[in-house]
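Chains A and B, in that order, give the protein sequences. All the letters of the first sequence, read from the start, carry residue numbers 829 to 1152 under the working numbering. All the letters of the second sequence, read from the start, carry residue numbers 1082 to 1523 under the working numbering.
Take these hints with a grain of salt, some might be off.
Cross-link-like lysine to aspartate or glutamate pairs, in silico, DMTMM-like; alpha carbons within 25 Å at most [what the hints assert, rightly or not]: (1) A/K835 - B/E1510; (2) A/K835 - B/D1297; (3) B/K1516 - A/E970; (4) B/K1333 - A/D1019; (5) B/K1167 - A/E970.
If you're looking for bench data, these hints aren't it; they were derived computationally from the structure.
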Amino acid sequence: MAVELFKEKYRSQVREVVLGATKEEGGTRSHTLKVGGESALPFLHFEGKIPNRPLVAMEIWDIVPEEWPAGLKSFFEDVYNDPGAWAKKCVEEYGADLIAVRFKSADPDIKDASAEECIATLKKVLEAVGVPLIIYGCGKAEKDNTIIGPLAEAAEGENLLLGVAEQDNFKSVASAAMAYKHCLIAQSPIDINIAKQLNILIAEMSTPLLDRIVIDPTVASLGYGIEYSYSIMERARFGALQGDRMLAMPTIANVGHEVWSKKESFISEEEQPGWGCQEERSIGWEAATAGALLQAGMDILVMRNPKAVGLVKKLIDDMMQDNS
Amino acid sequence: MGLTGLEIFKHLPKTNCKKCGFPTCLAFAMALANGKTSLDNCPDVSDVAKEALSSAAAPPIRLVKVGSGDNVLEMGDETEIFRHDKRFNHPTVVAIAVNDNEDIDAKIDAINGLAFDRVGQHYEVDMVALVNASGDAATFKAAAEKAAAKTQKNFTLVTADVAAMEGALQVLAGRKPVIYAADKDNYEKMTELAKANGCPLAVKGENLDDLAELVDKIVALGYRELVLDPGSRDTSKVLADMTQIRRLAVRKKFRSFGYPTMVFTSKDDPQEEMLQAITYIAKYTGLVVLNTTKKELLLPLLSWRANVYTDPQKPVAVEPGVYEIGEVNENSPVYCTTNFSLTYFLVEGEVDATRIPSYIISVDTGGISVLTAYADNKFTAEKIAAAIKDLGMEEKVKHKQIVIPGAVAVLKGKLEDESGWEVIVGPRESAGIQKFAKERFA
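So that you can see chain B by itself, here it is in the shape it has in the complex:
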């Protein structure tokens, strides 16, 4: 349970020495209660006080790392309920299940192929969840060997059988996989294994009460690198459990739930499974395990993950410059827009759909949209004219015509004077580009 500023204050040296960067011990205590600073910043705090304050000093959700070397995934360390308050920090890890008794090579090949490039970003599936479906320890170990040789991705090892886990860890311990899972029957041994190998340990409860109890027992054994599975599999129940875990950890500083979470999808139909995962990514899940390896379904899923985890306070920009859409030549139309990524990619999508090879000039507006940039003097005739010149457009095309967004039609006269190019006023909305291009350039 979180402490109030006054409760924390009682444990501080009360010297007001300012070494922590705050004017008084009380101010420091208040900041600490709100999670805005760390107790480490107080050089004079006693060990006794430290122990007492450790719960207030710790982040509400622990940062847990999977993997080793250059291939480490971070989970947890979330501080928010709503992304509009502040960004969500660590994108949901997406894992695909591989059974130890199926064609491992084929499935891992498919998983390795789940990588996508769209709108200037690269997405890929992060992890293989190797499942001891055979129930046989030797098969599981052999599968781990096969899988390890096939992919550099991170792993979750899925078996309740301690001996099977031990065997697979002999192969994969160096890659610090998630050990899934400690339950009420095996938790002591699984905790030992996790400790000995320095791997994150998944804790699987039957429900929230059971989960909290199990977490406390494992913490009492001295291990805290945990990932929580509340055990629910029905979409609505998972939503409720994930919401409770996040709220209790963040709002109530309930320590037993202060860890990242995970869940397995439960639908057989790949599309339905993908929609379950869409829900889980929206609502607080740290790691989701799916079965499908269909590219056409992982693309929407990973796109959604990228969307949810963007920083809501920071405009997303594309590199200013000239972009070639299709096999351009000296007769290709030239469009211009801002470098706000949403605007740019909408325009790019529409220009691409015209099937007429074209250039798009993305003018540096500091990543803000057409009208905002215009109002802020960042999308001006001078800037566009300079871009035409600096990007060498006169050498690229022979027509000297440029299309500007309809929303800034007012720039036409000035831009023609500044650049010497003929300015064509395009549609107000990107959705009008296809029709516009058909009439104008086809």
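Isolated chain A (complex conformation):
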């Protein structure tokens, strides 16, 4: 007896965004990466196209990440003082598809580094690796508004992914993306309506930017409200496939940033014997958070632990197998 399969018929698909630019395209990247473009729910190859595999970016800082737990730091101890070497290690040894540079030094409470200092770091990273880059400011909007523009200008044509535009602070990032030919992250606080509204605001500034937006829906860690993010993403992706063009963007999640502040990642086995080995647990917590988000349609995962990165890349290999 042949079972008649249930295939959804969608009216639309997720936009495809290109990251990075090669020499011919006005940049210096060794290759570009495409992200998004799905015309089916996550990994349902039997009912549509999943043309691009989800990407794993590894996060590097421009200062020594004192707050990272020892087990995580040990992977990078030899490269902390050199963002270029750190990026290179992530790409060459750990297989990062992309590098996400976080300009922590710009934080007024840390080093209050100037735009020029940040630009010098960015140039080092651009020279050290050929993969496309994501850049994040220090997380304090006022300061970030003074560095993202100059960084974008200094890397004109590289087609970076610039972070982050928010509903009440999107103009400087959006103008930088527009003026210097980059993509941008539009971040909304676990709220599908704000995600959509922000894309509309950006489109009002420049319609072509719609093909350069990557949505950060804001994710929570496993065990700390991930189900809210998961359901918001499922709704957004279903909406995109049903024809909502203002939600039809690929997505990005700061997985490492969320999970490494959680007790389950860093507390030692001595302190919490019932929870098993801390090292394996922290890898599992980060990989499981990423694995869960993949099922909701996440396209770029920004991660920290190289072992978790390896596991998630393997999972993505498996999920990209045709299942029709």
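Given the structure of chain A, go ahead and fit chain B onto it with the hints provided.
Then chain B, alone, in the frame of chain A:
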């Protein structure tokens, strides 16, 4: 296949007697077609009509029970594709495989130890899947005896050999294990065993077509307590099969797939195996069997299960009151936040990470978050002041200082007037607590 409201209407008495609670027979028929009511609510429906309507009246996925006495696990009875539409009802049963030719005592001890307490919740592994890896019936039975004596958990018995199954059931039938599995060669005898012992029967197909055919044959033998294994083991294929089974059952009322599902992980590496199970829990699997007994991997897995199966329409609250983080004393800092569990546990995690013993007051805001509660007048200076007083904070600490969330800094003046305490405005986000505490209290 599901019936439309009009098709159902034809079979009803058309008396509009209202005894079913609906104004007309047609309204009742429409509700029935949408699965919103049960045919039992019509007192006058004929037996002939009942038979004809049984498919429309039954839930799309059957509720199947494993276990006996106080230790019953429910599977199935799901009605949704997306959890944002309505909650998923019965959390995926997590089982760990034990081979009958390995050190059974050691592995069962490890499984019994897979219990966790975090964020005020208790998680544990539900089941032992006893596998007839030896291929020998006597070994399987002896293993069943050993395992049964070692644990109160539920069982799945895994063997295609009917005689081996019969032997193990002599030991375990009373605990109503899952019989795994009926296949195309043994289904008649396995169905007999399941019937005779009142146990749920797993049906293993080679693929979806084969599975549907086998289910129909078993249903024709008069047994419906089934759990479906589509036989796929590659992660991507399992995702596709689980999605099809759920969609066909719920959206098409395809009866052959109207049962809970199960799958075995296939990866040797425990971390990879855990990630397969993360995927299966997200996407519709009723029972998943793993091999690993590593606590550090079951903790994320069971946490994910708890997350997926929470009710998306209901805020999760913690008990309002005062919580002690670490070995508190009269000098310990006092923080306050709402009793929305996400907010509370984020704050708790961060306060804990400061390594400074502290009190956290969880104010009763009806389980909603700081800003929402503030906007809704549920997180007010009066409420916080009352909590300080009612919880006897003045006896617990001698400093009379309280930290409030940065997002409600505006409450400072009023709270100081109401409580007589000094109010310290904390960071806007819980992520800032460690830095804040280091500067303020270290």
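Hint check results:
1. A/K835 - B/E1510: Not satisfied, since the Cα-Cα distance of roughly 43 Å exceeds 25 Å.
2. A/K835 - B/D1297: Since the Cα atoms of A/K835 and B/D1297 sit roughly 23 Å apart, the hinted pair holds (cutoff 25 Å).
3. B/K1516 - A/E970: holds, 20 Å
4. B/K1333 - A/D1019: The given pair, whose Cα atoms are some 32 Å apart, is violated under the 25 Å limit.
5. B/K1167 - A/E970: violated, 41 Å
The earlier numbered hints that this structure contradicts are 1, 4, 5.
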